[in-house]
Amino acid sequence: MAKATGTAPRPKRFVCLGTQLGFYKPDFFANQDNPRLLAAVDEAGLGKDFTTISGLDHKGPTGMGHELCHTFLTGTSRKAVSLDQQIAPMLGAETRYESMQLCAGSGKASLSHSKTGIPLPVTTNPSVVYRRIYGADAVSLERQSYVISSGRSLLDELLENAGSLRMKVSRDDRAKLDEYLTSVREVELKLQRRKQWLERPFPEPDPEFKLPSEENISQALVLENEDLMWDLMALAIKTDSCRVFTLTIPGSNGTIYLGEDLTSSSYHNYSHHGNKQERVDMLVAIEQRHMEGAARFLKTLKETPDVDGRSLLDSTITLIGSGMGDPSKHRRVNLPMLVAGGGFKHVRHIECGTKEVPNEMACDLYVTLMQKMGFDTNTFSTSESNLNGELA
Amino acid sequence: MTTVKANVLLLAFGCLLAALCQPTRASELSDSRFQFIQSFCMDCHGPIGQEGDFRIDRISSDMSDERFRDQWELVLDYVKLRSMPPEDAKRHPSDLERDAFVRSIEVAMKAADESAPVGKTALRRLNRNEYLNTINDLIGVRGFKLPNSFPPDSTDLPFDTMPEGLFLSPALLDAYLETAGLVADTLVPQRVSPQLHRSTAAFIGVDLARKWTKKGDPAVYLTGANTSPWSGGIWVPNSAAKAPGMYRVRLLASAEGPVGADDKPLRFSFHLSNPTDYPIARRALNVNHPRVASVDVPHTQTNWVECVVPVERGEVIYAFCENRFSEPPLPYATKQQINQMTAAAKASNAPTLRVEAMEVSGPIAPLPRQLEFLNNEKPSATDEYLRAMLVPFAERAYRRPLTNEEADAIVSHSLSHVSKTKVAPSPPAYAIHYGLRRILTSPEFLYLETESEREDDYKLASRLSYFLWSSPPDKTLLDLASKSQLSDPEELRRQVARMIAAPRSDQFVKHFAGQWLENRKAERLMVCDVRYRWSELIRHGFIRSTELFFGEVLRDNLPIATFIDSDFIYANEPMLESWGLPVETSISKHEANLRHYMAFPELKRIRLDEIASAGSSRLGERGGILGLPSVLAATGDGVESSPILRGVWVLENLFGTPAPPPPADVPAIDVDISNAKGVREILNAHKENESCNKCHQRIDPIGLALENYDAIGGWRTRYQRSYRVSDAKATHEDLPDSSKDVQALSVSIDPTGQLPDGFELEGPEDIKNYLLANRELFTRCLTTKLFEYGTGREPTMGDRNVIDQIVSREPESGYRMIDLITELVRSDSFFGPER
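The listed protein sequences correspond, in order, to chains Z and B. Numbers 116 to 507, taken from this note's numbering, label the letters of the first sequence in order. Numbers 177 to 1011, taken from this note's numbering, label the letters of the second sequence in order.
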């Protein structure tokens, strides 16, 4: 592995926003004329804190319609561990939560896949994220504590009982039962960690943040919920509750609220714009909301110092993009990709798949991100190269 | 026009040569077979040629060797279908030689099969759906939901009943623990301090109701028809119950105007609903929301009216004005219509409820069902009490009687837990709580058929009920099992008929047909509404039309040939309309997208001859599985149809002769398709390469014969727009971003083609005709699908033998659905004696 040069401390957090419906690329990449989707980050004074990267691809099979958006963080196959879950055990070892998988609205889509390639469940309710960060009332904490400790003795008994059951079943079935035994042991460790954290005090709630009085996670309110999720991620980072996040923006089949008004067609249908100007404009208007949330989030990080003196922006890699290259045509080539912060020397735009930068595997970028975070790896998924020369 | 070069991947002969394979020796083979291989195969598939990476001399001649059997099957197919030797081969066998070779392989296979043992289903955990059904069956609590953290099952395998896909991960075990805790919380009354939620008029939650306020009056006025979804429910915000229990709801209210529509005093009715089921902004009075109580509202004087109602965790109490109007049900009203009705109600000085405040407090007492669960006794931490409480629960959970050791372990662990725990509240309740959690996280509950020593009817009861109900066996099945009567063939016939007649067989329709006939994909399908008329009501129609069609064949025990072709379909108006059929529809476009807000009307059964005689011949293209929109749409991507995916689907799911997947790493070859005028010419590229053609000669003609169906199953005679090369899925890899459109405006569709055996296809009718003429193909395919779903395993050779016997016993008039299922269930493969 190429050792990180100099003495600059490594980024220790990773945040990924992935949309299921891509981004409208003529307004996304920084080498375009006045890209509308970058206006928000530029206006927030973050013009030198990000790089957009074009020409990246997973080289996976041409998927069935939207299936390919699930491969954003996994690479060629969707049945593989995602980037965030690959790094979470190390990055998340010291925080209350190893990682958080969030989804705006009730779409329940997840960017994160476990080691066995199964999509991890997402949290869709902002109030749940809030309670995770700041804890619940004393009664339910006492109860949680009881449930955890009794759960641990329960697992002990089950282990004993399943051990004797194991002797009775056939050899083939033993492998299946071993999945159970392994899981019991792993969950015991998880409960132990949970119990330890439960005994440590939760941070004081931020007086400036208020949850809406009634929670509504319907698909129509995907953008409102996205805003809440961005703010909650910033709070979770400020309180150092968690260091690895994915936030999925599901493609909605129904109409959605864009500000006060319901759109007349669905987000998904705008993404099939066929280059009709008024549809493109609606799509961009929706996508601008993603980028406004990102800009607010990144600005907060930039204005907040980390414990080691650098800004939270520098100690956090934020990746924004999609596994859907062109939703209008269900195309998976040339994925929209944006990297912000993380202590990189940002150059606004890198064009991959060219003579200057022949790399074109999206996972080349992931290798670079992983190395920057201190992982000793030269590959991710099917990629065996990196973008270290371009993004350092 | 620029030259378009597509990378068409070489489709190699799927092959798993390994070092362990035993070479075929002349002595092992019959002379004629050896001769045939030497003369017609070895040039290309021997040590010198190794075409397609396949060497026929490297596969064992032992037909019972599972490692090579697939390859022999392929050899058989290729020779039988005259794909091999290829046209340009030096030598070709005579028909006589070919037949003799085929027969000799078939005989060898048959001999091997007849002696092969049936397979054994591996231990497997319940899938997500079975797990939830089992929990619901155990506890019978309204609206019980799995926690958000509950991970989904893998979707890699044809059916979610197959052990290979049912991995038990730590995340899942964690979710089992959490769910077990929720179940125990639900059954055993918890000590929760009651909470009071109160709202004054300004803060009461109100849906799209006929309600208004008056200046200077601190109240909200309500009216509304209780039959409309938008009827004016009110609730206290944020009052969702934190624990199940009895809750007191109070309203400071009065009635104004005359009595209600039924000449009785105006009253509030109380309904319960979990707000996470419905978007808050559109909480509707839905017929499914249980109405739990009602209370009269006194006239003139403002008073507290109150009521105590049983509430489950997460539910909110909604109050409605019950007997206000007698107008007919309104399936849906726009905001504007509601405003008009409200204005009319105000103007007519109609009866009205005036509400100043609303309060919800609780839980003030345990629910009756919770007391009943505790046998209406005060729980005590004694051996007797816990035994009486936990053992029957465990027996239902494990779907069999407990051994003495098992019962002792559960009781003693729960008892000792209480003595160890320092938690203050109610130790006896905690002992039960703990015991329940232990039962619900033990492998005996989570895995099917764990107790390998007991080869008995209990296992059969579970196998049967998870097959046809996706649920645990009911009392009847367990009683029969306890008397060892269930495995009796006549009893099995009776039980299968009883189970299919029961409402729970909906689960079989939903999950077997849902996976076989692609309803699960239809659920997630994203359709381009620029190109197609599309709404949620159409999606609902797609899903229900498959369920109703399959359900009718199943429950009415119709001939299985109905699946191939039928003289009836189920459809709703918007579906027909989207297919371009002239239909008068009464549902607005907006309404049609309110799937989550309202109950859509059920589909109509349509007899195709009635439609035809009514002047539209267009429905002649419907009927059977090939006319089901869920199938036609799931094999496209919501924008374009894909003849290849359709062809592959039909081979796999109707012919039962799946095409091997395209090999992952074969070198790409260039095919010039610059002059292609549409999908047919693009697919013709497959013919130029023998390795592509091997599979595509079977796939492409079927897909092309279905090209008159567009991406969502509508009928078309011409392609309406430019046809994109990539959409034809002619390539296994994506094309460069540029030059992707082939100008093929308004090309007419040519559905003709030929199956490898020479059968001419001119459209979907001919695929149906082919299947009807070769009915053993479909019978075997359906039997195999049922077998795979029911046992969760791929058939072994012994199983295939059993399936073949079932196929060979098909009566002259063809199998009927229940009869076929009965045959399968009674076979050794479903639940064999040697297990």
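FYI, nobody ran anything at the bench for these hints, they're computed from the structure. Check before you lean on any hint, since a few could be wrong.
Here are the simulated PhoX-like pairs of lysine-lysine, each with C-alpha atoms no more than 25 Å apart in a straight line [to be verified]:
1) Lys223/Z to Lys418/B
2) Lys418/B to Lys310/Z
3) Lys321/B to Lys305/Z
4) Lys325/Z to Lys863/B
5) Lys256/B to Lys863/B
6) Lys440/B to Lys223/Z
Remember, it's a predicted structure, so these values are computed and weren't measured experimentally.
Structure-based check of each hint:
Distance restraint check for Lys223/Z and Lys418/B: the Cα-Cα separation of roughly 23 Å lies within the 25 Å cut-off, and the hinted pair is therefore satisfied. For the given pair, Lys418/B sits about 23 Å from Lys310/Z by alpha-carbon distance, which is consistent with the 25 Å threshold. Of the pairs offered as hints, the one joining Lys321/B and Lys305/Z holds, with about 24 Å between alpha carbons and a cut-off of 25 Å not exceeded. Proposed proximity of Lys325/Z and Lys863/B is contradicted: the alpha carbons are some 65 Å apart, above 25 Å.
Restraint check for Lys256/B and Lys863/B: satisfied, since their Cα atoms lie roughly 19 Å apart, inside the 25 Å limit. For a cut-off of 25 Å, the pair hint linking Lys440/B to Lys223/Z is broken: about 47 Å separates their Cα positions.
Going down the numbered hints, you'll see the structure goes against 4 and 6, while the others check out.
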